[in-house]
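What follows is the residue order along each chain.
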Amino acid sequence: MAEHHLLRNLVLFGRVLRGLGLDVNPGRMIDLAEALAHVRIGVRSDFYHAVRSLLVHDREDIPLFDQAFEMFWQKPLGEWKRIELGGRRIRRARPRPLVALPSEGRRPSGEPLPGDAEERPVIEVTRTYSALEALQSRDFSDLTEEEMMEVRRLISEMIWRLEERTSRRYRAGGRRHLDLRRTLRRSLRHGGEIFGLARRELRTKPRPLVVIADVSGSMERYTRLLLHFVYSLTQGLSQRVETFAFGTRLTRLSRHLKDRDVERALAGVSSAVTDWAGGTRIGECLKAFNFDWARRVLGGGAIVLLISDGWDRGDAELLSLEMARLHRSAYRLVWLNPLLGSPEYEPLTRGMRAALPHVDDFLPVHNLGSLEALARHLERLARRAPYRRGTARSGSVRRVT
Amino acid sequence: MVSSIEELSARLRDKLYIADRGLATAIYLALKLERPLFLEGEAGVGKTEIAKVLAELLGLSLIRLQCYEGLDVNQAVYEWNYTRQMMHIRLAESRGEKLEEKELFGPEFLLERPLLQAIDPKVKKRRVLLIDEIDRSDEEFEAFLLEMLSDFQVTIPEIGTIRARERPVVVLTSNRTREVHDALKRRCLYFWIDYPTFQKELEIVRTKLPQASEKLASQVTRFVQELRQLDLYKVPGVAETLDWTSALVALDKEALDETVVEETLGALLKYRDDVDKLRGDGSRALLERVKATG
Chain A
1 MAEHHLLRNL VLFGRVLRGL GLDVNPGRMI DLAEALAHVR IGVRSDFYHA VRSLLVHDRE
61 DIPLFDQAFE MFWQKPLGEW KRIELGGRRI RRARPRPLVA LPSEGRRPSG EPLPGDAEER
121 PVIEVTRTYS ALEALQSRDF SDLTEEEMME VRRLISEMIW RLEERTSRRY RAGGRRHLDL
181 RRTLRRSLRH GGEIFGLARR ELRTKPRPLV VIADVSGSME RYTRLLLHFV YSLTQGLSQR
241 VETFAFGTRL TRLSRHLKDR DVERALAGVS SAVTDWAGGT RIGECLKAFN FDWARRVLGG
301 GAIVLLISDG WDRGDAELLS LEMARLHRSA YRLVWLNPLL GSPEYEPLTR GMRAALPHVD
361 DFLPVHNLGS LEALARHLER LARRAPYRRG TARSGSVRRV T
Chain B
1 MVSSIEELSA RLRDKLYIAD RGLATAIYLA LKLERPLFLE GEAGVGKTEI AKVLAELLGL
61 SLIRLQCYEG LDVNQAVYEW NYTRQMMHIR LAESRGEKLE EKELFGPEFL LERPLLQAID
121 PKVKKRRVLL IDEIDRSDEE FEAFLLEMLS DFQVTIPEIG TIRARERPVV VLTSNRTREV
181 HDALKRRCLY FWIDYPTFQK ELEIVRTKLP QASEKLASQV TRFVQELRQL DLYKVPGVAE
241 TLDWTSALVA LDKEALDETV VEETLGALLK YRDDVDKLRG DGSRALLERV KATG
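So the sequences go chain by chain: A and B. The first sequence finishes on residue 401 if you use our numbering, and the numbering steps up by one all the way, no holes. The second sequence finishes on residue 294 if you use our numbering, and the numbering steps up by one all the way, no holes.
Source of the hints: derived by calculation from the structure; they are not laboratory data. Nothing here was measured: the structure is a model prediction, and the numbers come from that model. Keep in mind that a hint or two might mislead.
Said to hold, decoys possible - With beta-carbon atoms standing in for the labels, derived distance ranges:
| no. | chain 1 | residue 1 | chain 2 | residue 2 | range |
| --- | --- | --- | --- | --- | --- |
| 1 | A | S137 | B | A285 | 49 to 59 Å |
| 2 | B | K125 | A | G21 | 36 to 46 Å |
| 3 | B | K124 | A | I41 | 33 to 43 Å |
| 4 | B | A285 | A | H177 | 54 to 64 Å |
| 5 | B | P121 | A | R376 | 48 to 58 Å |
| 6 | B | Q75 | A | G21 | 36 to 46 Å |
| 7 | A | R59 | B | D231 | 13 to 23 Å |
| 8 | B | A285 | A | G21 | 40 to 50 Å |
| 9 | A | R376 | B | D194 | 43 to 53 Å |
| 10 | A | L7 | B | A143 | 26 to 36 Å |
| 11 | A | R376 | B | D120 | 21 to 31 Å |
| 12 | B | S246 | A | G196 | 25 to 35 Å |
| 13 | B | A143 | A | D66 | 46 to 56 Å |
| 14 | B | S61 | A | I41 | 47 to 57 Å |
Claimed, not checked - Covered by chain A, per the in silico footprint, the following chain B stretches (three or more residues, Cβ under 8 Å):
| no. | region |
| --- | --- |
| 15 | 17 to 26 |
| 16 | 208 to 217 |
Said to hold, decoys possible - Residues from chain A that keep clear of chain B, each with C-beta distances beyond 12 Å, as calculated:
| no. | residue |
| --- | --- |
| 17 | R249 |
| 18 | A267 |
| 19 | L348 |
Backbone N, C-alpha and C fix where the C-beta goes; we use that ideal spot for every residue, glycine too.
Could you put together the complete structure from these sequences and hints?
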């Protein structure tokens, strides 16, 4: 009798876990039932660990599982009938969005942009050469709503191709490495006589791309379009693209940006980031990245794009230390600064000065033209020496292969 | 074989491996259900050790596959012995015989790599297969493993399908340098190995290094436990605790003092930033705390 109840409760528990987002399917439940025959289910800890080792396979889910387990299996085994879940509910903790991502015509903080729609001049955007050319060089922060939409469309049409690295796998061809397997196979056609040697060569493989974008207050005018830019990168590149946003804290956005639906993707981003348009603590956020993520996302010779204007209220010494660390673990560290668009700009802020010695390339991102230049730059990264505008050329050119 | 979780724990302990109840349960079930065991955790918490101890405890041979990027079927499963094949061709020629392709791709020309060894039906005994640091391999290899771990068989085009007579005991480890695909984890029992508690770590030190004095063992353990609370780039694992203790034993130390901590910090911390952070005042303060509680 107790067995019967146990099974029913197990199935129910499985459903609760699935409801919480754990990967529980009927196959796993059957395995679990089999597993329970091997442990003494009367011993709570054995029962717990048996269920956990079969139904959980991610460390992050363990606390959630524990909570559900505590709540579900309250009664001692003898009293198991159908366990009532009671009034309490467990929820996956998701940060509630504090500020929504700016929709059309709004600042990230939610206020409407100054001047309502009627006052704004309506510009007919036809894709004549001159209109396009004008749009190319318009600073993102000066765009009208209509132009903004056009720019977004153009960004989504951009083609991104990153320079590849050699992988450690082979394919047939080339002339450098002998391919004994194919040589022998071929020779068999001629009764074992070797007429020519087959060769193989190393394949190439795209480098992973990591984007770390500043979404603090001073970047507000650029944030929306730059997120579109990152979205277009994520969708357009075949390799893995990992994206993080930061202001006062670091948030991972990669999962949201993978969504095929742009509106849903950006809505996901807006609810994930809890510090829109606030202060900036680059050093602390880079530290969080270095400690928690660097080892997981920088493998395979990743290219890092750091998007920020370098206005920083944090500790400059820490910033310098963490930049150095990031620089050491990335293949190429590219800093994109929208302020670089202005010819008078000089990187004099404390944050920028602390960071610059650890940057390979220092490039503007303020208009379409600069994005296109970036695309060209990334395509031939290995053949290009590090480029820094607005600073004295540093003598050390790093890891150019 | 083992017939209860308690027995398994006790026998692991005989082999100087201290496993808590949860880990023992996961290992026990992996043995009973003949499923791979997937172990995750920071470096140096004893993931790889489990496979070794398990092999010893069960009296089975251990086959180890160390993963790296670019690891492929030829290195993990099988390769043909080309030199022998060529020789065979030449010999046949000199005898004026005509060679059949089948002859050249027979078992005698097959070089078995770890995965094939682990499922070789010619060997009647079970084996322990350790697939170490799966997170270092690339996606292509992971996909291949998926097939192999669900059916315990491989197909070699020239020979056919080779299926294990006895399923090997499989242990996979990962340091989480990248996310391993869910589909792979789903085929395994999963356990996350945490850093041990003070009591457990002390027990590990005392079991593994009985020559260390009681005082030293307890101070070292306390020191490392405190160290893990600090904001370090790379937190020391149990392996480091043991390294450090044996270094101190080799130096004939009975207890920790300022000088020896300074001099041997390198056994514990593997990043210059971390060493710099602790050198001087940092380690002195920590040492005082350790002495106060110990």
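Status of the hints after comparison with the structure:
1. A hinted range of 49 to 59 Å for the beta carbons of S137/A and A285/B is consistent with their spacing of about 57 Å.
2. Our hint of 36 to 46 Å for K125/B and G21/A holds, since their Cβ atoms are close to 42 Å apart.
3. Evaluation of the 33 to 43 Å hint for K124/B and I41/A yields a pass: the beta carbon distance comes to about 34 Å.
4. Between A285/B and H177/A the CB atoms are about 56 Å apart, so this pair conforms to the stated range of 54 to 64 Å.
5. Checking the proposed 48 to 58 Å range against P121/B and R376/A shows it holds: the Cβ atoms sit about 57 Å from each other.
6. Between Q75/B and G21/A the beta carbons are some 37 Å apart, a value that agrees with the proposed interval 36 to 46 Å.
7. Checked against the hint of 13 to 23 Å, the C-beta distance between R59/A and D231/B comes to roughly 20 Å, which is consistent with it.
8. Taking the beta carbon of each, A285/B and G21/A are about 43 Å apart, inside 40 to 50 Å as hinted.
9. Restraint check, R376/A to D194/B: a C-beta distance of roughly 48 Å satisfies the suggested window 43 to 53 Å.
10. Judged by the Cβ atoms, the range 26 to 36 Å given for L7/A and A143/B holds: they are separated by roughly 35 Å.
11. Checked against the hint of 21 to 31 Å, the C-beta distance between R376/A and D120/B comes to roughly 54 Å, which is inconsistent with it.
12. The hint said 25 to 35 Å for the Cβ distance between S246/B and G196/A, and at roughly 57 Å that hint is violated.
13. For the pair A143/B and D66/A, the supplied restraint of 46 to 56 Å is violated, since their beta-carbon distance comes to about 32 Å.
14. Separated by about 34 Å at the C-beta atoms, S61/B and I41/A break the suggested range of 47 to 57 Å.
15. Chain A is given as covering the region 17 to 26 of chain B, and this holds because 4 residues of the stretch bring a CB closer than 8 Å to a CB of that chain, at least three being needed.
16. Residues of the region 208 to 217 of chain B lying with their CB closer than 8 Å to a CB of chain A number 0, which falls below the three-residue condition for coverage.
17. No beta-carbon of chain B is positioned within 12 Å of the beta-carbon of R249/A; the least distance is around 16 Å.
18. No Cβ of chain B approaches the Cβ of A267/A within 12 Å, the least distance being about 24 Å, so the stated non-interface status holds.
19. Consistency note on L348/A: stated as away from chain B, and its beta-carbon is indeed over 12 Å from all of that chain's, at 28 Å minimum.
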